[in-house]
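*Asks:* Heads up: the protein sequence lines correspond to chains A and B, in order.
Mind the numbering: the first sequence is residues 1 to 154 in this note's numbering, read in order.
Mind the numbering: the second sequence is residues 1 to 417 in this note's numbering, read in order.
For the record, the hints were derived by calculation from the structure and aren't laboratory data.
Every residue gets a Cβ at the ideal spot worked out from N, C-alpha and C, and that includes glycine.
Please note: incorrect hints may appear among the correct ones.
To list a few chain A residues with every Cβ distance to chain B over 12 Å, as calculated [to be verified]:
1. G78
2. I87
3. V95
4. I105
5. R108
6. D115
7. E125
8. I128
9. N130
10. K134
11. K135
12. K141
13. A153
Below 25 Å or equal to it, Euclidean Cα-Cα: the simulated DMTMM-like pairs (lysine to aspartate or glutamate) are [to be verified]:
14. A/K92 x A/D115
15. B/K105 x A/E101
16. A/K71 x A/D4
17. B/K27 x A/E125
18. B/K21 x A/E27
19. A/K103 x B/D399
20. A/K60 x B/D399
21. A/K103 x B/E117
22. A/K70 x B/E20
23. B/K123 x A/D115
24. B/K393 x A/E54
25. A/K89 x B/E24
26. A/K70 x A/E37
27. A/K92 x B/D110
28. A/K71 x B/E116
29. A/K92 x B/D399
30. A/K103 x B/D125
31. A/K60 x B/E116
32. A/K70 x A/E27
33. A/K60 x B/D119
34. B/K123 x A/E109
35. B/K113 x B/E45
36. B/K244 x B/D224
37. B/K123 x A/E101
38. A/K102 x B/D388
39. B/K197 x A/E125
40. A/K92 x B/E45
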Amino acid sequence: MIVDVSQELRDLINNAQAVKVLVVLSETGIPLAELKESVFFNEDANIEYLELLEGSQSYKNFTRSLWYDKKVSFLISGENGLSFQIIGKPIKILVSGPLYEKKYIGLREELGDVDLAAVCITEIEEIIDNSFNKKFEEQEKLKPIFKHLDRLAK
Amino acid sequence: MRLGEESENNRELNFIEVIEKYPEMPKFIILKIDIQRRGIHYSKEALSVFNKDLYQVRGAALFGSRDSKLTPLPESLVLRDGTTVLTDPAPIESKPYIVDYINGKLVITDQGKILEEVDYWYKPDFYNKNTLKGTPMQHIVTARPQRLQVMPSSYCHFWNNDKGCKYCDIVNNFKHQKSELGVQTKLDPIEVAEVIKEALKQPGRFSSICLTAGSDTRGEEPFDEEVNYYIEILNAIGENFKTKKFPSQLIGTAFNERQLRRLYDETGLTSYTSDIEVLNEELFNWICPGKAEWVGYKQWKDRLIKAVDIFGRGNVNTGIVAGVELAKPYGFTNEEVALKAVLDEAEDLAIHGVATVYVVWIPRPESAFHDQRNASLEYYVRLAIGLDNIRRKYNLGIDFDDYRRCGNHPDGDLSRI
Numbered sequence: 001m002i003v004d005v006s007q008e009l010r011d012l013i014n015n016a017q018a019v020k021v022l023v024v025l026s027e028t029g030i031p032l033a034e035l036k037e038s039v040f041f042n043e044d045a046n047i048e049y050l051e052l053l054e055g056s057q058s059y060k061n062f063t064r065s066l067w068y069d070k071k072v073s074f075l076i077s078g079e080n081g082l083s084f085q086i087i088g089k090p091i092k093i094l095v096s097g098p099l100y101e102k103k104y105i106g107l108r109e110e111l112g113d114v115d116l117a118a119v120c121i122t123e124i125e126e127i128i129d130n131s132f133n134k135k136f137e138e139q140e141k142l143k144p145i146f147k148h149l150d151r152l153a154k
Numbered sequence: 001m002r003l004g005e006e007s008e009n010n011r012e013l014n015f016i017e018v019i020e021k022y023p024e025m026p027k028f029i030i031l032k033i034d035i036q037r038r039g040i041h042y043s044k045e046a047l048s049v050f051n052k053d054l055y056q057v058r059g060a061a062l063f064g065s066r067d068s069k070l071t072p073l074p075e076s077l078v079l080r081d082g083t084t085v086l087t088d089p090a091p092i093e094s095k096p097y098i099v100d101y102i103n104g105k106l107v108i109t110d111q112g113k114i115l116e117e118v119d120y121w122y123k124p125d126f127y128n129k130n131t132l133k134g135t136p137m138q139h140i141v142t143a144r145p146q147r148l149q150v151m152p153s154s155y156c157h158f159w160n161n162d163k164g165c166k167y168c169d170i171v172n173n174f175k176h177q178k179s180e181l182g183v184q185t186k187l188d189p190i191e192v193a194e195v196i197k198e199a200l201k202q203p204g205r206f207s208s209i210c211l212t213a214g215s216d217t218r219g220e221e222p223f224d225e226e227v228n229y230y231i232e233i234l235n236a237i238g239e240n241f242k243t244k245k246f247p248s249q250l251i252g253t254a255f256n257e258r259q260l261r262r263l264y265d266e267t268g269l270t271s272y273t274s275d276i277e278v279l280n281e282e283l284f285n286w287i288c289p290g291k292a293e294w295v296g297y298k299q300w301k302d303r304l305i306k307a308v309d310i311f312g313r314g315n316v317n318t319g320i321v322a323g324v325e326l327a328k329p330y331g332f333t334n335e336e337v338a339l340k341a342v343l344d345e346a347e348d349l350a351i352h353g354v355a356t357v358y359v360v361w362i363p364r365p366e367s368a369f370h371d372q373r374n375a376s377l378e379y380y381v382r383l384a385i386g387l388d389n390i391r392r393k394y395n396l397g398i399d400f401d402d403y404r405r406c407g408n409h410p411d412g413d414l415s416r417i
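Pulled out of the complex, with its shape left as it was, chain A reads as follows:
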């Protein structure tokens, strides 16, 4: 499935100051959130994140999601209330090969003596723009009944 990715989101995800969170379901169905610095769009317009810890819950849960066809989501947020929720399906885990090695080298150049467990790839199914300004404008326009009366008082 090809989902349009706005330039605004592309710029945000490449912004080093953006906050990026991966949410995956645990074995018992609890959504668990973890900050992930290395999250990007790849050339196939899928989301790629670099999992640094072999034994992490996020890696186990991402693997589980791939194995059992569960979805995952990413929260990408930045300044001025910019916020996007990206929902997708894990499609690939790379633990070897040229792309994996390229990411391994790049990661270590950036962060020093760290390791790379895997390159985890998610196919995007839906992008929800949860940016506050946009959502508030929508609400004001489409749901005027949600306003407090004092806001309308003379």
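The hints should help you fit chain B onto chain A, whose structure is shown.
*Replies:* Just chain B now, kept in the frame of chain A:
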């Protein structure tokens, strides 16, 4: 009786049916097991995209292939979840899976239906090089997607008096490889170290080193020569590392406590495997007469247990050739009974800190069991689930022999989660 034959359909379950019956088992691993059971055949189209400059070609190995040829085909496959599938070509008459290239993707198919995407193994950089002595480096050390494999000796001394394991073709394969590939009988530790040094120049390529070879019964005490040689090679390899210990596995004979202590204290080795092959004493005596003669089943188990005190819990395991317990005429005749027996013995070892992992038995053409048949897919799936459950029950990790550091144990793949 094979699993499934007791049901209304009176036949074992096929791939799709096993997936439906065991939803808790990832379909990637069920597919891996069945590919290993049945073998593969590469279509013309699949081979048209097999670039030998990029991908690994079948090379030196301890055991032969099911088509008993050393043809320069792809080494093996990897699935899109990172699962490694060690498999080899099978004659088309035996109805193997087909690796094909359809709509720009390399896929695995069965009866014309696409089941999954696959990829070939990428060739490591050192495969293009020779040692200072002029030996192709890939004849000395072979590669899996994340593992370096050193096979110091391609001969097993249990075959000296024809007591090699009945499922094994190590000696016949060694003869083929020597004549057709020029693979050496015994490796030079200095050359091994040279190759490892070269391999380590490729960042991110390798996570572990595994040493495995046939047994060597010689020495003041049996297997002393084998141990001495491993120590020599491990120390040569160790010169490449900053730390004394490095992620490594030795798959060797069941050494005694003194020998195990030497391996641990005198080298950088971090884990130890000694394959008991079949978890039943009577069958062990029949199928592995050399192992039975020189060590014995009970002593094999005892030595594994002693190894835990030396290498530590989570660093010792044993491998079995799963399905060989059903070999005719003396094996189990009922898969349900066999499964229980194997899992009971595996649990007995786990209580003492020894994990059990399995490889799918492939009746090799040049082995004594060449005309036998491996177990049903359902058997292997239930065995994988059973062994994984036992390890979880006893909190026994197998990081050193898992999907990344080995890749040949379907049950070990389950430990990823």
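*Asks:* Check each numbered hint from earlier against the structure, then list the numbers of those it violates in ascending order.
*Replies:* Going through the list in order, the structure violates hints 3, 4, 5, 6, 38, 39 and respects the others.
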